[in-house]
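Peer 1: Each chain is listed here by its residues.
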Amino acid sequence: MLGKCIDNVRSSVPLVHNITNYVTVNDVANILLACGGSPIMSDEPADVEDITSICGGLNINIGTLNKSSIEGMHKAGRKAQELGHVLLLDPVGAGASALRTDTAVSLMEELRFTAIRGNISEIKTLAMGSGTTKGVDADVADAVTDETLGSAVAFVKELAQKTGSVIAVTGAIDLVADADRCFVIRNGRPEMGRITGTGCQLSGMMTAFLVANPDAGLEAAAAAVCAMGLAGEIAWSRMQEGDGNSTYRNRIIDAIYNMDAKTLDNGAKYEVIQ
Amino acid sequence: MLGKCIDNVRSSVPLVHNITNYVTVNDVANILLACGGSPIMSDEPADVEDITSICGGLNINIGTLNKSSIEGMHKAGRKAQELGHVLLLDPVGAGASALRTDTAVSLMEELRFTAIRGNISEIKTLAMGSGTTKGVDADVADAVTDETLGSAVAFVKELAQKTGSVIAVTGAIDLVADADRCFVIRNGRPEMGRITGTGCQLSGMMTAFLVANPDAGLEAAAAAVCAMGLAGEIAWSRMQEGDGNSTYRNRIIDAIYNMDAKTLDNGAKYEVIQ
Amino acid sequence: MLGKCIDNVRSSVPLVHNITNYVTVNDVANILLACGGSPIMSDEPADVEDITSICGGLNINIGTLNKSSIEGMHKAGRKAQELGHVLLLDPVGAGASALRTDTAVSLMEELRFTAIRGNISEIKTLAMGSGTTKGVDADVADAVTDETLGSAVAFVKELAQKTGSVIAVTGAIDLVADADRCFVIRNGRPEMGRITGTGCQLSGMMTAFLVANPDAGLEAAAAAVCAMGLAGEIAWSRMQEGDGNSTYRNRIIDAIYNMDAKTLDNGAKYEVIQ
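As you go down the protein sequences, you meet chains A, B and C in turn.
My numbering puts the first sequence at residues 927 to 1200.
My numbering puts the second sequence at residues 927 to 1200.
My numbering puts the third sequence at residues 927 to 1200.
In case anyone wonders, no lab produced these hints; they're calculated from the structure.
Any given hint could turn out to be false.
The list treats identical chains as one, so a pair stands whether inside a single copy or across any two.
Mimicking SDA-like on lysine to any residue, the simulated pairs with C-alpha atoms at most 25 angstroms apart in a straight line are [unchecked claim]: (1) Lys1001 <-> Ser937; (2) Lys993 <-> Ala1024; (3) Lys993 <-> Lys1083; (4) Lys1001 <-> Ala1024; (5) Lys993 <-> Arg1004; (6) Lys930 <-> Glu1117; (7) Lys1088 <-> Ala972; (8) Lys1005 <-> Gln1166; (9) Lys993 <-> Ala1069; (10) Lys993 <-> Pro971; (11) Lys1188 <-> Asp1072; (12) Lys1188 <-> His1000; (13) Lys993 <-> Ile1160; (14) Lys1188 <-> Gly1168; (15) Lys1088 <-> Pro1116; (16) Lys1188 <-> Gly1010.
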């Protein structure tokens, strides 16, 4: 079923507007091309409305935000929302600085995101910080493990209900939830954390999956998470002696490039909790 | 003959100032080093005049332009022109937003570029949008194919005459023209379009070729286009099972690193139309 | 002895705040992860104080400085100094433009850097330009060779004394000195100069080494220099026919990823001059 989601990306070639950090932007562009999408980057406030208008989705990543790009995020977000586009928020570093937390919360107050993807710490920060999500119980552990799974699932489902967004929390165990259902995903490898930007790449790719699968947002987001984790597994199996994180980065993008629906369906490891 | 152009780059190590987008900038720097040039990046208006003064050429790429970098492009461009340096324009996204179109046209009105490199859509936008090129017949098809070749060649030659620039339109068939002659180039592979920034890389490399071959601008630009396409062919021949666009990116730059004059002369596939 | 320094990075996972250029930032992040550190990037003045506060060290690289990031460098630097953090300066392009020279000198006047790393030309520019280092004899040759070694060592030791910083001059022969001792290091390969950003990567990694070895700054800086050069040697030994600078870049980061204390101790080639 999830395999169909990547087929839809490859057949529709969704154009994704990315306002993203300059650290990992090249990898975001290449993984979007690898999965069958098409990337365009623009953060200048005077440019973003035109650019987002020709796209199907907008990926906002606050990783190296600045005053100008924050204005660009809001302008692009309003235009994309007006046009009914997919909107995704990657709140990189929310909780690590006031500016990042405030920017993420402010974007959530103004815009209704199709999906929000981050680690548990970032997502908890949003749950506590956002007026629109007031009352969400963020008193969950700082890592999603088998021991904390029940409370974590309840937390993401509640946040999904309050925000109207698909919530994706990635880590050793990934959770992708809407108000009703939660995918608990066990793809991936710990060594992916030794590469910069696997999260940013996933957010870009998830945006393309959401654009290409407009009637199945939860499945599309879960498919992107499974695809990324599975690519990490496939890439690791191709590592040779002396290879390290830089080669691993290349092999993960390569694995997305070569991934077909059948590979994704066979390799995805998940259960769905109602 | 084209092989001599890359020899001249390797023997003179031209220093190229790049005002370019943050998506593909690392690959632009590495391909400049691969071909025998030397890159320096600077977009701050208060910095660009000093930097461009120590270089031989200026590569302006509007891919992630912002208000400050646009000012930097104009300041650097004026200084480079005053010093008689090579100037190249890569109008990324011209036609996709008003800001990009206006910036490219404004730069063309102020500066005389040695070369302009883009895809057919971008170049048509410039032909229609620029006052200096008014009257150019941009009514050509949106892809250069064997069927549309005649009108496309006439178009680029006319634009070259009006602008005084070498015009390079890259795609499945590449055209590189001045007012009198047009190189029709058939190197490259379609999979290069699945890598971000092969166009940006070519623009950087073309600037180095133009600096190193001051008396043969058309040949230098054509040599850079052939070298890039040939690198794509060589790199593809080295791809192994499981490799994808990220590895392909590395292998293309590697192929430039290892390319000598003989390889380029033997592998270049072109005809010259008067 | 130097091997212990990399062990300390791996066991303590120092968080390093980087204000660095957008050309090589991805490689800086990946090499920090490769050596056992953890990178975070932020240059917005309104963001940098919070970010640097949660880190152990600050790496300031002026490679693509702009007005906003210069303000960010000063604000982050003051906060990091107030908190007793490691501060490193990489004066990319000092001497090539007035803005870069002035920025580097101004930072040196305001802050006491734990270490300053650059090529001989950049370091000489700082020695001549900075009020705090007035009187340093910068009349040394423009390359450190066996012939010029004596005067070069005297120069870096004197600059180290005047600034209170560890001074690292990298080139064919690397010098790492405090006021009393100078490591003369002969690791590395000339082909590393054909990759963009090996210097930037070293600066990021050196910051992590300094944070993880608070009581042995000179050894930590020297260990980072030896590790980078040794990685260049190991990576070169893994190059295959057709490989070039892009693959070499990946293999160098990979070699850092796989480097253990014993490998570093066995491969480091240095002498210490009192």
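Peer 1: Regarding Lys1005 and Gln1166, is the shortest C-alpha distance of 25 angstroms or less found within a copy, between copies, in both, or in neither?
Peer 2: neither (47 angstroms within a copy, 43 angstroms between copies)
Peer 1: Between Lys1001 and Ala1024, at a C-alpha cutoff of 25 angstroms, which is it: within one copy, between copies, both, or neither?
Peer 2: For Lys1001 and Ala1024, the Cα distance is within 25 angstroms both inside one copy (21 angstroms) and across copies (16 angstroms).
Peer 1: Treating 25 angstroms as the Cα threshold, decide for Lys1188 and Gly1168: within, between, both or neither.
Peer 2: Result: close only across copies, 16 angstroms inter versus 31 angstroms intra.
Peer 1: For Lys1088 vs Pro1116, is the C-alpha pair at or below 25 angstroms within one copy, between two copies, both, or neither?
Peer 2: For Lys1088 and Pro1116, the Cα distance exceeds 25 angstroms both inside one copy (31 angstroms) and across copies (46 angstroms).
Peer 1: Are the CA atoms of Lys993 and Ala1024 at most 25 angstroms apart within a copy, between copies, both, or neither?
Peer 2: both (14 angstroms within a copy, 22 angstroms between copies)
Peer 1: Go through the copies and call it for Lys1188 and Gly1010: within, between, both or neither, with a Cα cutoff of 25 angstroms.
Peer 2: Neither: 31 angstroms inside a copy, 54 angstroms across copies.
Peer 1: For Lys993 and Ala1069, with the copy left unspecified, which applies at a CA distance of at most 25 angstroms: within, between, both, or neither?
Peer 2: Answer is neither: 32 angstroms inside a copy and 39 angstroms across each miss the 25 angstroms cutoff.
Peer 1: I want to check one pair: Lys1088 and Ala972. Are their C-alpha atoms no more than 25 angstroms apart within a copy, between two copies, both, or neither?
Peer 2: Intra 32 angstroms, inter 30 angstroms, cutoff 25 angstroms: neither.
Peer 1: Could you place Lys993 and Pro971 in one of the four classes (within, between, both, neither) given a Cα distance threshold of 25 angstroms?
Peer 2: both (10 angstroms within a copy, 9 angstroms between copies)
Peer 1: Regarding Lys993 and Arg1004, is the shortest C-alpha distance of 25 angstroms or less found within a copy, between copies, in both, or in neither?
Peer 2: Classified as both; 17 angstroms inside a copy, 21 angstroms across copies.
Peer 1: At most 25 angstroms between alpha carbons: which applies to Lys1188 and His1000, within, between, both or neither?
Peer 2: This pair counts as neither: shortest intra-copy Cα distance 39 angstroms, inter-copy 51 angstroms.
Peer 1: Indicate which option fits the pair Lys993, Ile1160 if close means a Cα-Cα distance not exceeding 25 angstroms: within, between, both or neither.
Peer 2: neither (39 angstroms within a copy, 43 angstroms between copies)
Hint compliance for this structure: hints 1, 3, 7, 8, 9, 11, 12, 13, 15 and 16 are broken, all remaining hints hold.
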